[in-house]
Amino acid sequence: MSDTLVKIQNLKTYFPVKKSIFSRKLFVKAVDDVTMDVPTGSTFAVVGESGSGKTTLARSILRLIEPTSGQVFFDGTEVLKLGGKDLLEIRRKMQIVFQDPYNSLHPRKLIKNIIGEGMKIHFKISETEIRQKIGEVLQEVGLRDEHMFRYPHEFSGGQRQRIAFARAIVLKPKFIVLDEPTSALDVSVQAMVLKMLKEIRVQEKLTYMFITHNLSLVDYIADRVAVMYVGEVVEMGEKNTVFTHPSHPYTDLLMASNPIPDPKFQREKRLLKGEIPSSINPPSGCRFHNRCPYADQRCTDEAPELRERSPGHFVRCHYPL
Amino acid sequence: MELRGKLLDVSGLKVSFYTYRGVIKALDGVEMWMDSGERLGVVGETGCGKSVTSLAVMRLIEQPGEIQAGRVIFNGKSLLELPEEGMNRVRGGEMSMIFQEPRSALNPVMKVGFQIGEAIAKAKKISIKKTYPEAKEMLRLVGLDPDRVLNSYPHELSGGMSQRVMIGMGLATHPKLLIADEPTSALDVTIQAQILELLDELARKMGNAVLLITHDMGVVAEFCDKVMVMYAGHSVEYASTVRLFEKPMHPYTGGLLLAVPRVGRTDELKAIKGTVPDLVDPPPGCRFHPRCPHVMELCRTSKPPLIQVEPGHYVACYLYGDKKEVREDV
Numbered sequence: 001m002s003d004t005l006v007k008i009q010n011l012k013t014y015f016p017v018k019k020s021i022f023s024r025k026l027f028v029k030a031v032d033d034v035t036m037d038v039p040t041g042s043t044f045a046v047v048g049e050s051g052s053g054k055t056t057l058a059r060s061i062l063r064l065i066e067p068t069s070g071q072v073f074f075d076g077t078e079v080l081k082l083g084g085k086d087l088l089e090i091r092r093k094m095q096i097v098f099q100d101p102y103n104s105l106h107p108r109k110l111i112k113n114i115i116g117e118g119m120k121i122h123f124k125i126s127e128t129e130i131r132q133k134i135g136e137v138l139q140e141v142g143l144r145d146e147h148m149f150r151y152p153h154e155f156s157g158g159q160r161q162r163i164a165f166a167r168a169i170v171l172k173p174k175f176i177v178l179d180e181p182t183s184a185l186d187v188s189v190q191a192m193v194l195k196m197l198k199e200i201r202v203q204e205k206l207t208y209m210f211i212t213h214n215l216s217l218v219d220y221i222a223d224r225v226a227v228m229y230v231g232e233v234v235e236m237g238e239k240n241t242v243f244t245h246p247s248h249p250y251t252d253l254l255m256a257s258n259p260i261p262d263p264k265f266q267r268e269k270r271l272l273k274g275e276i277p278s279s280i281n282p283p284s285g286c287r288f289h290n291r292c293p294y295a296d297q298r299c300t301d302e303a304p305e306l307r308e309r310s311p312g313h314f315v316r317c318h319y320p321l
Numbered sequence: 001m002e003l004r005g006k007l008l009d010v011s012g013l014k015v016s017f018y019t020y021r022g023v024i025k026a027l028d029g030v031e032m033w034m035d036s037g038e039r040l041g042v043v044g045e046t047g048c049g050k051s052v053t054s055l056a057v058m059r060l061i062e063q064p065g066e067i068q069a070g071r072v073i074f075n076g077k078s079l080l081e082l083p084e085e086g087m088n089r090v091r092g093g094e095m096s097m098i099f100q101e102p103r104s105a106l107n108p109v110m111k112v113g114f115q116i117g118e119a120i121a122k123a124k125k126i127s128i129k130k131t132y133p134e135a136k137e138m139l140r141l142v143g144l145d146p147d148r149v150l151n152s153y154p155h156e157l158s159g160g161m162s163q164r165v166m167i168g169m170g171l172a173t174h175p176k177l178l179i180a181d182e183p184t185s186a187l188d189v190t191i192q193a194q195i196l197e198l199l200d201e202l203a204r205k206m207g208n209a210v211l212l213i214t215h216d217m218g219v220v221a222e223f224c225d226k227v228m229v230m231y232a233g234h235s236v237e238y239a240s241t242v243r244l245f246e247k248p249m250h251p252y253t254g255g256l257l258l259a260v261p262r263v264g265r266t267d268e269l270k271a272i273k274g275t276v277p278d279l280v281d282p283p284p285g286c287r288f289h290p291r292c293p294h295v296m297e298l299c300r301t302s303k304p305p306l307i308q309v310e311p312g313h314y315v316a317c318y319l320y321g322d323k324k325e326v327r328e329d330v
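For the record, the sequence lines run as chains A and B.
For what it's worth, my numbering labels the leading residue of the first sequence as 1, then goes sequentially.
For what it's worth, my numbering labels the leading residue of the second sequence as 1, then goes sequentially.
Hints should not be assumed to be uniformly reliable.
[Claimed, not checked] Simulated pairs of lysine to aspartate or glutamate, EDC-like, Cα-Cα distance not exceeding 16 Å:
hint: 1; chain 1: A; residue 1: K273; chain 2: B; residue 2: E197
hint: 2; chain 1: A; residue 1: K239; chain 2: B; residue 2: D145
hint: 3; chain 1: B; residue 1: K247; chain 2: A; residue 2: D262
hint: 4; chain 1: A; residue 1: K195; chain 2: B; residue 2: D267
hint: 5; chain 1: A; residue 1: K273; chain 2: B; residue 2: D145
hint: 6; chain 1: A; residue 1: K269; chain 2: B; residue 2: E197
hint: 7; chain 1: A; residue 1: K198; chain 2: B; residue 2: D267
For the record, the hints were derived by calculation from the structure and aren't laboratory data.
Could you put together the complete structure from these sequences and hints?
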């Protein structure tokens, strides 16, 4: 097995928008030329504000949305060229847990059918074996066997997210995308779910892509982090490097905006001005230049490349901090 | 009768909702108080009653809900005893409120200028047209371009801008108290920081108190002077923000703080065992007792009153029962 489980190269996902039949064709460039490597057996966090393209990126990797161009390699296989049986097999290996556990579970199916459906498609095993596996996986995520005969509405948000996670891991995947898995949960419940996710990742030797807007979670759960802004990765590296020495002004200001639960913590007030621009018509040059406190003419004219600043630490900025 | 807060003093507030599942005892003797110009944070998890408390203070509880008991003294007036017209003058006058989802709180078919002007017109008894200079001034204060926004419809504004409009609307009548119910929960962190900064700046300028309802301990730490922690319809702990984070006394507050992730924290998060109780059939005594690591026999049968155990630090927990009881539960 190689060190990189998922390799993404120049991935682009554009959505056409129709203004009128006469106007030229416009696109929402939700994911624009993203390149990243997700190392095997790690948690890779993707951070960004709403509209930064983090969810579209995840769905494009899994081909839940067909990307416009680019390549995705999973364990050496090119995912975007697959079809039929091969695609089915790769789909088993790449799972996703969605943000809202109130919408991601079918309200009229029993838990055993929700969790068991994937097994019926992917494994040729008997009903009793399926039943047994469901029991096991429910215990693994901290629920009980008998819960399989209930409906989703009988569970709390945290329990539902455990069920959604059980549905993902029961297929023995290698890679799981967690799309804001705890943002609909209360903090005390969130703590339990995060703990479970961490433990199971080690136990089952999984690789996670953890999508979130909450920087505080990243420090707890991730090994590597990519920060996205208007469809592009602006900074990427080891979590410790990025958090202790943020090099892109956006990362720096994003961290300064994140509230710290410590009233004695005095920080200089540094606000990020303005709002995230539209990805239909992103600013010229560096997409961050109109909000950046350090921007000059070069930033307006010339788009910076994602450059390796120190080994494994990438920054898209002409004047990294 | 002595009041603990000069601006607002809520005591023994009980609110129930009559549903087909049974009676939801949403608030069971809530206590809360604040002085003029103060920022009080009300924190708690989903279902703890923090929003219901603010609605009850505004007397906006609708059927099937009902305020059953309690006392709300605001600015010298007993709100629960006021006639409806009197209450109408308080709402949007001396006390106003902003909500979590700014876009659904604004009327989608009315221009922004009209919506801000309406509040001023009601308070001053003038026509809405005459309020436009003042509405413009308010928009400028909240950091928007008045000429552009005054004639915009809410769908033309972003989430952050809508929340600015809401704040402008809330403060247009120079209220003594602004209730902000999760004002930044629907916004991105960078916009959240902008909005909190704006609330802070305006409160300094206009001298209004802010009652901030939130589930985010980070927001409380940054914005509030005092904190009231709520759990399942009870007020469980009250202290200054610095004090509460430094020395939480109630086992729930302690647990909550240990569960909060933050940048720079990589140790294991500690979760509170169990789940929030169903308020149709809440546990007797202290509502936290089934999840409490220090539960005693007494906790199962009797509700601990909110008592002052150290100057300015109030806790509703029998672990601190030997201290002098300042106040009996209503």
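Unmet hints by their number, sorted upward, for this structure:
Checked against the structure, the only hint that fails is number 2, while the rest are satisfied.
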